[in-house]
Amino acid sequence: MYAIVDIAGKQYRVEKGQYLYIPYHEQAQPEQTLTFDRVLLLVDGEQVYLGRPVVEGARLQTRVLQHVKADKVLVFKKKRRKRYRVKRGHRQLYTKVLVEALELPKAAQPLSAAMTAAA
Numbered sequence: 001m002y003a004i005v006d007i008a009g010k011q012y013r014v015e016k017g018q019y020l021y022i023p024y025h026e027q028a029q030p031e032q033t034l035t036f037d038r039v040l041l042l043v044d045g046e047q048v049y050l051g052r053p054v055v056e057g058a059r060l061q062t063r064v065l066q067h068v069k070a071d072k073v074l075v076f077k078k079k080r081r082k083r084y085r086v087k088r089g090h091r092q093l094y095t096k097v098l099v100e101a102l103e104l105p106k107a108a109q110p111l112s113a114a115m116t117a118a119a
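Position one of the sequence shown corresponds to residue 1 (UniProt numbering), numbered consecutively onward.
One or more of the hints may lead you astray.
[Said to hold, decoys possible] Beta-carbon label-pair distances, calculated as ranges: (1) Glu46 x Asp71: 23 to 33 angstroms; (2) Lys87 x Gln109: 49 to 59 angstroms; (3) Glu56 x Lys78: 45 to 55 angstroms; (4) Arg91 x Gly9: 18 to 28 angstroms; (5) Gln29 x Arg81: 26 to 36 angstroms; (6) Arg83 x Arg52: 55 to 65 angstroms.
[What the hints assert, rightly or not] The calculated DMTMM-like cross-link candidates involving lysine to aspartate or glutamate, where the alpha carbons are at most 25 angstroms apart (straight line), are: (7) Lys87 x Glu31; (8) Lys106 x Asp6; (9) Lys16 x Glu31; (10) Lys96 x Glu46; (11) Lys69 x Glu103; (12) Lys69 x Glu31; (13) Lys96 x Glu15; (14) Lys106 x Glu15; (15) Lys16 x Glu103; (16) Lys10 x Glu56; (17) Lys10 x Asp44; (18) Lys87 x Asp71; (19) Lys10 x Asp71; (20) Lys10 x Glu103.
Simulated from the structure, these hints should not be mistaken for laboratory data.
Bear in mind the structure is a predicted one, so any value in this text is a computation, not a measurement.
Here a beta-carbon is modelled for each residue, glycine too, at the ideal position from N, C-alpha and C.
Make the full structure from the sequences, and use the hints.
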């Protein structure tokens with residue numbers, strides 16, 4: 001079972017037990033549980049649940065592990081023959097989470113059933 005989830009404007013393909021680096025959540029503390037409800041697509045074996053735009057009632061349960069920084073990105077500017085050089089670095093903040101569960105409501109209908117009902 002896997003899902004496509006929208007977290008802070010970015011889409012991720014997630015499975016149960018997977019580690020995920022999401023944009024920094026300032027309020028989240030380690031060992032805290034986060035729930036995301038913007039599930040765009042959910043695949044359970046042969047069943048496909050497609051959201052319009054989200055799958056109603058589907059949720060992603062995660063546990064915050066730690067806050068981390070990405071590798072340093074160097075920004076170097078130079079204008080030749082002008083004695084101008086600037087070297088700066090940046091490290092983006094991320095929150096590392098563990099995907100604990102993908103929840104699907106009992107009333108959700110797979111894509112094939114929805115297509116036959118619409119026809």
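Consistency of the hints with the structure:
1. Taking 23 to 33 angstroms as the suggested C-beta distance range, the pair Glu46 and Asp71 does not conform, at roughly 40 angstroms.
2. A C-beta distance of roughly 56 angstroms is found between Lys87 and Gln109, which places it inside the suggested range of 49 to 59 angstroms.
3. Range check, Glu56 to Lys78: Cβ separation about 54 angstroms, and the 45 to 55 angstroms hint holds.
4. A beta carbon spacing of about 21 angstroms between Arg91 and Gly9 agrees with the range 18 to 28 angstroms that was offered as a hint.
5. For Gln29 and Arg81, the hinted distance range of 26 to 36 angstroms is not satisfied, since their beta carbons lie about 52 angstroms from each other.
6. The given range of 55 to 65 angstroms is respected by Arg83 and Arg52, whose C-beta atoms sit roughly 59 angstroms from each other.
7. Simply put, Lys87 and Glu31 have alpha-carbon atoms about 37 angstroms apart, too far for the 25 angstroms limit, and the pair is violated.
8. Proximity of Lys106 to Asp6 is assessed by CA-CA distance (about 22 angstroms); at most 25 angstroms being required, the pair is judged to hold.
9. With a C-alpha separation of about 17 angstroms, the suggested pairing of Lys16 with Glu31 holds against the 25 angstroms cut-off.
10. As the CA atoms of Lys96 and Glu46 are separated by approximately 30 angstroms, the hinted pair breaks the 25 angstroms bound.
11. Using a Cα cut-off of 25 angstroms, the hinted pair Lys69 and Glu103 is violated, with the two alpha carbons roughly 30 angstroms apart.
12. At roughly 18 angstroms between alpha-carbon atoms, Lys69 and Glu31 fall within 25 angstroms of each other, so this suggested pair holds.
13. With a C-alpha separation of about 15 angstroms, the suggested pair Lys96 and Glu15 falls inside the 25 angstroms cut-off, and the hint holds.
14. Distance check on the hinted pair: Lys106 and Glu15 sit about 19 angstroms apart at the alpha-carbon level, within 25 angstroms; holds.
15. Taking the CA atoms of Lys16 and Glu103, the gap is near 10 angstroms; set against the 25 angstroms cutoff, the hint holds.
16. Only pairs whose Cα atoms come within 25 angstroms are accepted, and Lys10 paired with Glu56 is accepted, the gap being roughly 19 angstroms.
17. For the suggested pair Lys10 and Asp44, the alpha carbons sit about 22 angstroms apart, so the restraint of at most 25 angstroms is met.
18. Taken as a hint, the Lys87 and Asp71 pair is honoured in the structure, with Cα atoms around 16 angstroms apart against an allowance of 25 angstroms.
19. In summary, the hint linking Lys10 to Asp71 is supported, as the alpha carbons are separated by about 20 angstroms, within the 25 angstroms threshold.
20. Of the supplied pair hints, the one linking Lys10 and Glu103 holds, its CA atoms being roughly 20 angstroms apart against a limit of 25 angstroms.
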